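Residue numbers (my numbering), protein chains in the order written: chain A, 1 to 324; chain B, 1 to 324; chain C, 1 to 324; chain D, 1 to 324.
I should point out that these hints are in silico values taken from the structure, not numbers from a laboratory.
Some clues are possibly wrong.
Because identical chains share one entry, a pair is satisfied inside a single copy or across any pair of copies.
[What the hints assert, rightly or not] Using 30 angstroms as the maximum straight-line C-alpha spacing, the simulated DSSO-like pairs for lysine-lysine come out as follows:
(1) K48 to K122
(2) K206 to K48
(3) K49 to K150
(4) K280 to K206
(5) K49 to K206
(6) K122 to K280
(7) K150 to K280
(8) K48 to K280
(9) K149 to K122
All values reported here derive from a predicted model rather than from experimental measurement.
There are 4 protein chains.
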Amino acid sequence: MHNLSVGVLGASGYAGRELCQLVEAHPSLHLIFATAHGQRGQSLRIGKKNLTFVATEDAPLDQADLIFSALPHGASLEWVERARAAGAKVVDLSSDLRPGNNGHLADGACAPYGLTELYRDKVRGADIVANPGCYPTAILLALHPLVEKKLLEPQSTIPVSAASGVTGAGFTPRPDLLFAEISEDFRAYGVGNNHRHLLEMNAELKIRGAENDLVFTPHLLPVARGILATIVVRLTHDLDDPLGPWRETFGEEPFIQLTETTPALRDVVRTNSVRISVAKAANTTAPTLIITSAMDNLTKGAAGQALQNANLMLGLEEQLGLAA
Amino acid sequence: MHNLSVGVLGASGYAGRELCQLVEAHPSLHLIFATAHGQRGQSLRIGKKNLTFVATEDAPLDQADLIFSALPHGASLEWVERARAAGAKVVDLSSDLRPGNNGHLADGACAPYGLTELYRDKVRGADIVANPGCYPTAILLALHPLVEKKLLEPQSTIPVSAASGVTGAGFTPRPDLLFAEISEDFRAYGVGNNHRHLLEMNAELKIRGAENDLVFTPHLLPVARGILATIVVRLTHDLDDPLGPWRETFGEEPFIQLTETTPALRDVVRTNSVRISVAKAANTTAPTLIITSAMDNLTKGAAGQALQNANLMLGLEEQLGLAA
Amino acid sequence: MHNLSVGVLGASGYAGRELCQLVEAHPSLHLIFATAHGQRGQSLRIGKKNLTFVATEDAPLDQADLIFSALPHGASLEWVERARAAGAKVVDLSSDLRPGNNGHLADGACAPYGLTELYRDKVRGADIVANPGCYPTAILLALHPLVEKKLLEPQSTIPVSAASGVTGAGFTPRPDLLFAEISEDFRAYGVGNNHRHLLEMNAELKIRGAENDLVFTPHLLPVARGILATIVVRLTHDLDDPLGPWRETFGEEPFIQLTETTPALRDVVRTNSVRISVAKAANTTAPTLIITSAMDNLTKGAAGQALQNANLMLGLEEQLGLAA
Amino acid sequence: MHNLSVGVLGASGYAGRELCQLVEAHPSLHLIFATAHGQRGQSLRIGKKNLTFVATEDAPLDQADLIFSALPHGASLEWVERARAAGAKVVDLSSDLRPGNNGHLADGACAPYGLTELYRDKVRGADIVANPGCYPTAILLALHPLVEKKLLEPQSTIPVSAASGVTGAGFTPRPDLLFAEISEDFRAYGVGNNHRHLLEMNAELKIRGAENDLVFTPHLLPVARGILATIVVRLTHDLDDPLGPWRETFGEEPFIQLTETTPALRDVVRTNSVRISVAKAANTTAPTLIITSAMDNLTKGAAGQALQNANLMLGLEEQLGLAA
């Protein structure tokens, strides 16, 4: 059963710990190492086991069938190359190899973008996959049917107001992330449309031919997990069945749920699902939709989607070890 | 000192209780009654005093110089008329007399709209004032300078993503507002652009000549108090100084703070202030601003603004009894 | 696989919903009905399925191998009898048949008390089991080794300060359980040592020969799930190894974890485990221990333990479908 | 009016910031400096003003009538001496000079213990006051009437289970205090009866002749502010009127409220009040009381009580600038 060996680089953060837990609970994977900068020798309880962190330098890369890198942006690429040279497949959770970030492998190749529902075929055969950012996952999936069907009003502005739980800011002990600072608070951050994830989303939309001004404003929620994006789009024409394009595009997807009722974080946390609902905007002159998209930032937005990609790369069933 | 008598109708809800507390702490007002449907005889601690609710029918309306009505929408207007007939000035916190709600007084007159910063002169001489809704206060103030200066791109969509603490949903024991349902959750509600407050905002914007599609999506936050609105607007032309229009319009306002940093709920809760910040949206082709507006839904969004209006109606200093 | 049929009476509350989820995810059980007073026809999403509530009167009791009753105290016993008459085994989550509550079956028999770790043998052969209350589970397990080994100072007071998440108060829409009332608050309740669960604990301690004044003060936490009990005991004599009695008594128990570090709610929520730690109290003249015991009130404190008992009653492996 | 000059040493922490806010809002005090180690030059918004931190070394100690030291334990005493040498009165919020901590001034003198309700006369004439810890304030006030009236059963154990909001742990960016770690969690800490505050409480109880084993277990709450202590005591004999001793001792105290209903954090946060309720424990053989005591750890437990003491030291009215 547990016949494939997996390692996690950068396992002490929230995404890294989530990866370790998912791997440990996975029926066909076996965790052989987890690295943590500066915490070597410390241990973490994963299910019923105690996991001891090793230094990244000491990780036996060549013994792993697949390695997840949850190392920080900028630091990851070097280790992705090392892991690849050691013969392992790699899922890189950093932004280093994502579209719009100007990263590429030493041989000049680009890694497939691991937005699984859009690039399943490329992921299946890949040795290296660039796992998407959390916000781009929720937002690009929500917009995809309109992009494919060219239903977005050309040149229109697409405002995206999104909110994330604080695990999205990482396990870094910043004073502004202390409980007493976050509880009973809410705020936008990175206001001005220049968040790192905007590059990734714009590059991906451009590839697919969308010509729109994405205006992305993230907010920080007093919750641990979850992302909700609320998107307003002007269409080329009115739709009789607003949810139709999504149903046609995603009807069979195991991890995309299209709902009549507006999704809430509690519907999706601790699952790998994205829930999307669509409503016509009343009281407007232009044909306008309001799309809401909810998912868990640590699961579908990071570790879960990474595992979904890893399953495909290893020839396993895509849904293995993942809750819908 | 405490020479003006005040009553509160509908005092058992969150806005009503906030009113009682503000009146009790006010240097020139004296609370003579507070009514609560179905809770007559029960008492509420306000500061060091215990306040006993009376039935609305038993309130000595004729002994009050001013009466606040925090009765429910639909039920309030009748009591506004009774209070007026008894000789009291009235601030109506319900939607009954607000623009866009088709309400009017028995003599056909309209009550001034108590968005104090815009209608100060009308409020000063009024016997009855229609106190604005919470979302409209945060949003209309944020948009006002652009409307006045005709800087909004005509016919453009104005998406407003706003989030409110749960006191905005009232003190009604609904299962979906229980702590265990709200904690760690976040969701949009009333999706589809037909919230009651949209009528009020559209009516007000139309009066002032704005021709835009307001698309308003409220969200429910796991916090007790506070509203944050994030608004994306396309302009007629680029602005050198994005905050300029607000500074020119609101530079001297005691309860409007224009800030370089993005406002957070914790900056404004338990005050009567609205904080507004403005940022140019990078990475867009059209000139676009992102406006964020934060305030306390129970203070500036309800009881505080009601008191601000009452101060003017009674010939008192506008800021009396209110924290900035 | 899914060969045993199970029904849930009173499925709309927190414990009932948890039961439905556990049964749905269980490899050998199949949920055939779930009843909800006043919500017949409404549906609840359980995993990937939508479950439709039926009226209790309409439940096909005779088709179930085992029925869980999560009906309210006082209302449950009648349905326990009906279910038994229909041929089903029953786990009763109400207090009706628990020790100290004076309830008994129509034939005069008492149901075994389903504190599984203490009464495993009786549960295994039983047709009806009285599932313990949440607080008693955490507290009686924590005290049990000292009782069995007669290490408690006779006649000494045993103060138990315990705190529960708000799901412990049920899914009833009470104003005092609204998010805005509970967030940022904490309080004791039922102060005076006459909580319903005290009867159950005192009856059980008396059966086992302990002669002590249990003084139990529950508190309401601003969290959804979890119970933590902190207990101070005076011993007959000092212990070299404070955790020794627990290790001897519970060393092999799958759902009891004895830890060096003090347990936190986050260690146990969404599991069926109880975590217990023990520390000598420094700076005292009498030999004194401080015991802390943590578990999930909805899992080990209600639905999880009910399933643990059901597994035994049905001849299944005790741990089936339960996370440790 | 604002005629007395005040400085705050160590103003960047939670207690220090609270002090700055209280001083700024005080009718007779004027804040002339606030120091912050490592944050010199940074500013903090206090009410409508921006306060700029200076280095402690650069503070004009000789210009202050009174200085509050909120410096860390161990670092404070040196600055208390310097401030005193510069001619200022001092309230020391650290533990350095508190009973049981072995600290004393350079001249060998002890500072009065600023538990105001017990030592008002000594505080009034003092140049230096040792401000009590947060837990000791809530607990010693709750126990005081029983100690004075010698009602505690000699040699009995007094278990104190107390819980504090996370501001009690300071503004230090520790990973375990991040929002995502604290939310939905609860745990005891420092279990084993050797918390620093125990020394202070035991020293004070010994001075007053109580011979009991205090067993103190603090807990960490997912709230920002507030402390609740639950205390179980065995008495020498039964009391007809359980609250009687407290009423006799504290009946006239402006900041102590004796309540029939159990106090909650929300009753006391942002005030300088301690609320105490007392209940007889039913179902016991020995006469036993359950005492609950609630207050705000940053106000009465730190900055508020410091200001209460400063008012007395400066000859001002004790309640000035403090909410009850």
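Measure nothing new, just compare the shortest in-copy and cross-copy C-alpha distances for K149 and K122 to 30 angstroms and report within, between, both or neither.
-> Within one copy, since 22 angstroms is at most 30 angstroms while 52 angstroms is not.
How would you classify K280 and K206 at a CA-CA limit of 30 angstroms: within, between, both, or neither?
-> Classified as both: same-chain Cα gap 26 angstroms, cross-chain 22 angstroms, threshold 30 angstroms.
How do K49 and K150 come out at 30 angstroms by Cα distance, when the copy is not named: within, between, both, or neither?
-> neither (50 angstroms within a copy, 34 angstroms between copies)
Homo-oligomer pair classification [K122, K48; C-alpha up to 30 angstroms] | Answer is between; shortest inter-copy Cα gap is 29 angstroms, intra-copy 36 angstroms.
Since the copies are identical, ignore which copy is meant and state whether K150 and K280 lie within 30 angstroms (CA to CA) inside a copy, between copies, both or neither.
-> The answer is both: 17 angstroms in one copy and 28 angstroms across copies each meet 30 angstroms.
Measure nothing new, just compare the shortest in-copy and cross-copy C-alpha distances for K206 and K48 to 30 angstroms and report within, between, both or neither.
-> neither (46 angstroms within a copy, 35 angstroms between copies)
Taking 30 angstroms as the upper bound on the Cα-Cα distance, should K49 and K206 be classified as within, between, both, or neither?
-> Classified as neither; 45 angstroms inside a copy, 38 angstroms across copies.
Go through the copies and call it for K48 and K280: within, between, both or neither, with a Cα cutoff of 30 angstroms.
-> Cα proximity of K48 and K280: across copies only (27 angstroms, versus 48 angstroms in one copy).
Status of K280 relative to K122 across identical chains (alpha carbons, at most 30 angstroms) = neither (34 angstroms within a copy, 38 angstroms between copies)
Consistency note: the structure conflicts with the earlier hints numbered 2, 3, 5 and 6.
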